[in-house]
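K.L.:
As you go down the protein sequences, you meet chains A and B in turn.
In this text, residue positions in the first sequence follow my numbering: the first is 1, and each later residue adds one.
In this text, residue positions in the second sequence follow my numbering: the first is 1, and each later residue adds one.
Do not take every clue at face value.
Chain A side only, calculated, beta carbon under 8 angstroms to chain B, not exhaustive [what the hints assert, rightly or not]: (1) Glu130; (2) Leu131; (3) Ile132; (4) Glu133; (5) Arg134; (6) Glu138; (7) Glu170; (8) Leu172; (9) Asp173.
Cut-off 27 angstroms, straight-line C-alpha distance, at most; resulting in silico cross-link-like pairs (BS3-like, lysine-lysine) [stated by the list, open to error]: (10) A:Lys120 to A:Lys163; (11) B:Lys45 to A:Lys96; (12) B:Lys79 to A:Lys109; (13) A:Lys207 to B:Lys45; (14) A:Lys120 to A:Lys96; (15) A:Lys109 to A:Lys96; (16) A:Lys109 to A:Lys207; (17) A:Lys109 to A:Lys163; (18) B:Lys45 to B:Lys79.
What follows is a list of derived Cβ distance ranges for each label pair [as the list claims (entries may be wrong)]: (19) B:Gly30 to A:Asn153: 27 to 37 angstroms; (20) B:Gly53 to A:Asp173: 31 to 41 angstroms; (21) A:Pro180 to B:Asn25: 21 to 31 angstroms; (22) A:Glu185 to B:Ser31: 32 to 42 angstroms; (23) A:Asn126 to B:Asn25: 39 to 49 angstroms; (24) B:Phe28 to A:Glu185: 12 to 22 angstroms; (25) B:Asp117 to A:Pro59: 26 to 36 angstroms; (26) B:Gly53 to A:Glu138: 45 to 55 angstroms; (27) A:Arg222 to B:Gly30: 36 to 46 angstroms; (28) B:Ala67 to A:Trp65: 23 to 33 angstroms; (29) A:Ser202 to B:Ala29: 34 to 44 angstroms.
The hints are simulated quantities; they were obtained by calculation from the structure and are not laboratory data.
Think of the CB as a built atom: it goes at the ideal place given N, C-alpha and C, for glycine as much as any other residue.
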Amino acid sequence: MDKPGVIMTRKIKTPGSSTRRWHRGIGVGASLFVVFLVITGLTLNHAHQLGLDQRHLSPRWLLRWYGMGDTEALLHFSTDGQWLSFAGSQLYLDGKAVTTATHGVGAVKYGDWLIAAGAKELLLLNSGGELIERLPWERSGGGNIEAIGHGTNGSLVVKSRGKAWVADAELLDWILPAEPPAAIEWSSPENAPAELQQAIASHYGGKGLSLEQLLLDLHSGRIFGWVGMLVYDLLALVLGFSALSGLVLWWRTRGNGKSNGRP
Amino acid sequence: MLMGVLLPTLAAADTVYETQSDFLNRAFAGSAPQTRAIWLSGEIKQSVRQLLGHDYPALRLRYWCQAPRTAWVLDEVGKELPITVGVVVDNQHIESLRVMVYRENRGGEVSTPAFTDQFNGLSLGADNALGASIDGITGATLSVQALTRLAGLALFLHGQTGCDHDA
Numbered sequence: 001m002d003k004p005g006v007i008m009t010r011k012i013k014t015p016g017s018s019t020r021r022w023h024r025g026i027g028v029g030a031s032l033f034v035v036f037l038v039i040t041g042l043t044l045n046h047a048h049q050l051g052l053d054q055r056h057l058s059p060r061w062l063l064r065w066y067g068m069g070d071t072e073a074l075l076h077f078s079t080d081g082q083w084l085s086f087a088g089s090q091l092y093l094d095g096k097a098v099t100t101a102t103h104g105v106g107a108v109k110y111g112d113w114l115i116a117a118g119a120k121e122l123l124l125l126n127s128g129g130e131l132i133e134r135l136p137w138e139r140s141g142g143g144n145i146e147a148i149g150h151g152t153n154g155s156l157v158v159k160s161r162g163k164a165w166v167a168d169a170e171l172l173d174w175i176l177p178a179e180p181p182a183a184i185e186w187s188s189p190e191n192a193p194a195e196l197q198q199a200i201a202s203h204y205g206g207k208g209l210s211l212e213q214l215l216l217d218l219h220s221g222r223i224f225g226w227v228g229m230l231v232y233d234l235l236a237l238v239l240g241f242s243a244l245s246g247l248v249l250w251w252r253t254r255g256n257g258k259s260n261g262r263p
Numbered sequence: 001m002l003m004g005v006l007l008p009t010l011a012a013a014d015t016v017y018e019t020q021s022d023f024l025n026r027a028f029a030g031s032a033p034q035t036r037a038i039w040l041s042g043e044i045k046q047s048v049r050q051l052l053g054h055d056y057p058a059l060r061l062r063y064w065c066q067a068p069r070t071a072w073v074l075d076e077v078g079k080e081l082p083i084t085v086g087v088v089v090d091n092q093h094i095e096s097l098r099v100m101v102y103r104e105n106r107g108g109e110v111s112t113p114a115f116t117d118q119f120n121g122l123s124l125g126a127d128n129a130l131g132a133s134i135d136g137i138t139g140a141t142l143s144v145q146a147l148t149r150l151a152g153l154a155l156f157l158h159g160q161t162g163c164d165h166d167a
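Next comes chain B alone, as it looks inside the complex:
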């Protein structure tokens, strides 16, 4: 116990699971398309607010489109700190959702593919809700909810980009 007291307290550090360039390489098999941007204004802003329960902390979001696929790097606060998530949407369905950066001290189980694979294949229903419920992880409820919101956001924004129809 004394050693535990004497050892310096380790500061919480970001855990980086995937960089943006690695994410894009994975999403587009090594040939990432040009970066595009979507502005979160007007009706899109209102829909985003409904999906997240708050405004997204940016007025513009960049994404990558290679029809019918888009890739998104999104942030949402779990308990206290933002979780950075990379989402690939293909033809209105989530192809993959992965935690890129996890910053909290607890709840990191949501970063495991065993958890995020639940999102694969999901789409949005008529009321902008995800097509299936996500099994939570005890002790990581807020992180699970954050990822669920981001999954819905990515699907919604994919629909707004028109990327499905790009040649």
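The shape of chain A in the complex, shown without the other chains:
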């Protein structure tokens, strides 16, 4: 009971106070995210005028993050005056992209042909880089190609699971001789001329990542993969809740204002 002359204060629970607390908390917490989205969104809206699609970034760590390949991981093989180079999934002949080939192992010249060996296939090319045949390696019970080279009589030899397989003259069949060739010269990577390496690196790596693409991925969360997208989805739901809670609060206070006789 209130005593005369004493002002008692009582904590009045205003309608929606818990909603207001949530709304305030979410608003503060998400404000940085919202500001970030506003900045990236506004910038993207004017990407073309700002020339963002024409500006590229190529720091190695960023290209690696995007899985755009390490331009340092190139392999070059000299084949009697011509260079066969592996860069990611691309095969180059004298700096010109000719076909796809992965996990480069070696390359040799065989008669008029060039033979490029990936871990799981051989590629037969003519001296102009045209693909004669692509041979999946299905010998040696699923083993990969480990090396390619020439036997003493110039025969083509492939090493797989530690064993030396020898091709017939037309490279149509392979045999596993009881006695491997006495001396095999295995193909090994070499240092190609600098301008060739540069040409391949430029072609393989491209101009890099456009600034527009980077901003798009930051704006959507995709830069962090599916985790980033999930986090952005959750933040979007949180913002949605914030908007709804704001509506609820407005509706409730609107009703309170009217009942106090205020216009």
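Assemble the complex: chain A is given as a structure, and chain B must be docked to it using the hints.
P.N.:
Leaving out everything else, chain B in the frame of chain A:
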């Protein structure tokens, strides 16, 4: 739905239905003949281009011949990735056509024998067209077309090898 988002996305992988050695064992009852090769040049190259609508991505194709039968391992792009197909031609007719490797995410129904059995017995007409139409599969149109082109290619190449007349 949350679990679906949390589970890692599975990368598309090749589905291998038959290896080359298994295919050849099946085609030649365990005793595969020596490998031969046919060069896709000159008029053969032009005919191949007409059959496929493009050049075959190789200058040489290997095949196996035990007269009057040949066996071919051919590749053709369905939607985006190549489909590897093994075709056995006997006396100018397709004895069997099977998908050996399927790489796409969709349309794998063409790999079922229920679909590929349609090719059995087919031959080429005068205009290098298959002797019968192939019933398509909804959602696998491009794969069906790829297999149809390869069937025609195998029949055409069989005719170029002279294997029918080999002793």
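K.L.:
Give a verdict on every hint.
P.N.:
How the hints compare with the structure:
1. Glu130: Interface hint status for A:Glu130: holds (6 angstroms vs cutoff 8 angstroms).
2. Leu131: Since chain B brings a Cβ to about 6 angstroms from A:Leu131, closer than 8 angstroms, the hint holds.
3. Ile132: holds, 5 angstroms
4. Glu133: Nearest chain B Cβ about 5 angstroms off; hint holds.
5. Arg134: Holds - the Cβ of A:Arg134 comes within 8 angstroms of chain B, reaching about 6 angstroms at its closest.
6. Glu138: It holds, given that the least Cβ distance between A:Glu138 and chain B is near 5 angstroms, below 8 angstroms.
7. Glu170: Because about 7 angstroms separates A:Glu170 from the closest Cβ in chain B, which is inside the 8 angstroms limit, the hint holds.
8. Leu172: holds, 4 angstroms
9. Asp173: With a minimum Cβ separation of about 5 angstroms from chain B (threshold 8 angstroms), the hint on A:Asp173 holds.
10. A:Lys120 to A:Lys163: Since the Cα atoms of A:Lys120 and A:Lys163 sit roughly 15 angstroms apart, the hinted pair holds (cutoff 27 angstroms).
11. B:Lys45 to A:Lys96: Holds, because 25 angstroms separates the two Cα atoms, which is no more than 27 angstroms.
12. B:Lys79 to A:Lys109: violated, 35 angstroms
13. A:Lys207 to B:Lys45: violated, 37 angstroms
14. A:Lys120 to A:Lys96: Given that 27 angstroms is the threshold and the Cα spacing comes to 22 angstroms, the pair holds.
15. A:Lys109 to A:Lys96: holds, 17 angstroms
16. A:Lys109 to A:Lys207: Answer violated: A:Lys109 to A:Lys207 is near 33 angstroms, above 27 angstroms.
17. A:Lys109 to A:Lys163: holds, 21 angstroms
18. B:Lys45 to B:Lys79: Roughly 23 angstroms between the alpha carbons, so the hint for B:Lys45 and B:Lys79 holds.
19. B:Gly30 to A:Asn153: 27 to 37 angstroms: Taking Cβ atoms as reference, B:Gly30 and A:Asn153 lie about 32 angstroms apart, which means the hint holds.
20. B:Gly53 to A:Asp173: 31 to 41 angstroms: holds, 32 angstroms
21. A:Pro180 to B:Asn25: 21 to 31 angstroms: holds, 27 angstroms
22. A:Glu185 to B:Ser31: 32 to 42 angstroms: holds, 36 angstroms
23. A:Asn126 to B:Asn25: 39 to 49 angstroms: Given about 32 angstroms between the Cβ atoms, the range is violated.
24. B:Phe28 to A:Glu185: 12 to 22 angstroms: Since B:Phe28 and A:Glu185 have Cβ atoms about 36 angstroms apart, the given range 12 to 22 angstroms is violated.
25. B:Asp117 to A:Pro59: 26 to 36 angstroms: Once the Cβ atoms are compared, 56 angstroms apart, the range 26 to 36 angstroms for A:Pro59 and B:Asp117 is violated.
26. B:Gly53 to A:Glu138: 45 to 55 angstroms: violated, 29 angstroms
27. A:Arg222 to B:Gly30: 36 to 46 angstroms: Distance hint for A:Arg222, B:Gly30 is violated at roughly 53 angstroms.
28. B:Ala67 to A:Trp65: 23 to 33 angstroms: violated, 58 angstroms
29. A:Ser202 to B:Ala29: 34 to 44 angstroms: violated, 54 angstroms
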